[in-house]
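Chemist: Sequence:
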Amino acid sequence: MEQPTRQHQLLYGLNEKMPLTAALFTAIQHILASIVGVITPPLIIGSTLGLNSYLPYLISMSLFASGLGTMVQAGRFMKVGAGMICLQGTSFAFLGVIISGGLAMKQQGALPEDILAMIFGSSLVAALIPIIVSRFIHLFAKILTPLVTGIVIVLIGISLVKVSITDWGGGATATDFGAPSHLILGGITLAVIIVLNCCKSPWLRLSSIVSGIVLGTLIAAWQGSFHPQLALDGPAITLPIPFRFGFAFSWSMFVPIALVALIAIIEAVGDLTANCMISQQPLEGPEFTQRIKGGIIGDGVSCLIAATFNSFPNTTFAQNNGVIQMTQVASRYAGYWIGGLLLLLSFFPMFSHFLQQLPKPVLGGATLVMFGNVIAAGIRIMTREALDNRSMLIIAIAIAIAFGVGLGIEAQPEIIHGLPVFLQSLLHGAVTSGGLVAILLNIVLPKAGLATFKAKVLPVTRVE
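If you count the sequence shown from 1, position 74 lands on 74 in this note's numbering, and the numbers rise without skipping.
Derived from the structure by calculation, the hints contain no laboratory data. Mixed in with the good hints there might be a few duds.
Heads up, simulated DSSO-like pairs for lysine-lysine below, C-alpha to C-alpha not over 27 Å straight-line [to be verified]:
| hint | residue 1 | residue 2 |
| --- | --- | --- |
| 1 | 162 | 106 |
| 2 | 293 | 17 |
| 3 | 293 | 79 |
| 4 | 142 | 447 |
| 5 | 79 | 142 |
| 6 | 17 | 142 |
| 7 | 79 | 17 |
Given the sequences, and given the hints that come with them, work out the whole structure.
Modeler: Written out as C-alpha cells, the structure reads:
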C-alpha cells in the first residue's frame, strides 16, 4: 500500500490524543479560518429572501449543524465519517439554487415560514443523495466529469456575484443605495483582502477575509453605521428545535438542490483526498477507499442534521486542509474540540445577533472575493482536461442557455407560460438549466468523431 510522501513529521498524528491547551488552540485556529464561510450562507440567504427576523436563529443553527457534523466526521462511528478533521459548513454552491427557489416562492406570496419549510424539507430528501452515491462513487464520476462539474461551479459563482454587488451598494433595501460611503467601505474591505492574499505569510493569507471584515467593521463603527449594541436585545439562550418551521417538499426546489449535491460530492472527494495526503494517510487501497466513502456518507449525515435543525446543506470545507498543513496537527481529536466550540457558540444568540449587524458593504466586499474564487475554481476544474471542440461546444451551449434563458425569462416571463409548472420552476434558475444541459450534452455527444464530423460537414471559419 503506497503511503504519501512525508515531507514533515506531524506534531500530532491522526489518532494521537492531544493536551487540552494544544487541542483548544488548534480548534480556535480552525474556527477562525472557517467562521466566515459558516455564517455567510445564512446571512446571504436570509437577507435576500427577507428573513431578517429569523436571521439570528438561522446563524445559530448553522453553527450548531457545523459543529455536530464536524464531530460526526471526526468520530467515524460505524464507518460514518472520514475519521479526520473535516470541518462542515454550507457550501456556497447551494446559495444560488436556494435563493432562486426561495424568490420564486416569495413571488407567489409564500410566507417566510413556508419558504423555510420547503427549503429544509427538500434539503432533507437531497441529503440522502451522498449517502446513496457513496456506494457507486466510481460510476458516478463518469457522468459528472470535470467539464460538467466546472461548468456548474462557474454558473454558481456568476449567479452569486450579483448578491455581492447588491450588498456592496448598501443592500437591496437601503434608502441610500450606491452612496459613496458604501462603495468606499466595501472597496477598503476588498483592498485589505487582496493585499493580505499577496503576502508571503500563509497565516496572513488564510486570515485575509476575517481581517478584511474586522477592519471594515471597525471603520463602519467609526462612521456610525455599525451598531453592535443591538446584539444585546435578543434572548440569552437559543435551543435547537427540530423542524421548527415544519416540513414541506417540492420537486422544483428539490431538483436544483439535488444537482448541486451531486457536484458537492465531487468537490468533497478532492478535499478528502487532499486531507488524506496532508494527514499522511494512504492515498490508494481499501483503507483510502473506505475513508473517502465514509467522508461522503458523513457529508450526507451532516446534511440530514442540518435540515432537521433548520440549517442549509453542509459539505466538507477545503480551507481547513491549509490549517492542518501549517499547524502540522492532524489529530482527529482536535475535530471534537472544533465541533464542541461551534456547538457552544450556537447556544448564545448574542453572537449571532452581532454577526447579523455586519455592515452590508463590508459583507459585499468580502463575499465578492469568495464568490469570485468559486468562479476561478470552476474554471480550474474545467481545464483539468484539454478543451477540445466537443468541450467548447458543451461549455458554449450550457452557459448560453443558462443565462440566455435566465435573462429571457426575466425580461419576458410569458415565454415559458406554455410549459408545465415543473419545467417553469426549473428554467427560472440559471444553474439548474445550464447544469442539466451540460450533463445531457456530455452524455449524448460522442467523444470520438465530433471533430471528423465538423471537418467534413461544417465549413471552416477563421476568426481574424
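Chemist: Would you mind marking each hint as holding or not holding in the structure?
Modeler: These are the hints, each one checked on the structure:
| no. | hint | in the structure |
| --- | --- | --- |
| 1 | 162 x 106 | 19 Å, holds |
| 2 | 293 x 17 | 24 Å, holds |
| 3 | 293 x 79 | 8 Å, holds |
| 4 | 142 x 447 | 13 Å, holds |
| 5 | 79 x 142 | 25 Å, holds |
| 6 | 17 x 142 | 39 Å, violated |
| 7 | 79 x 17 | 20 Å, holds |
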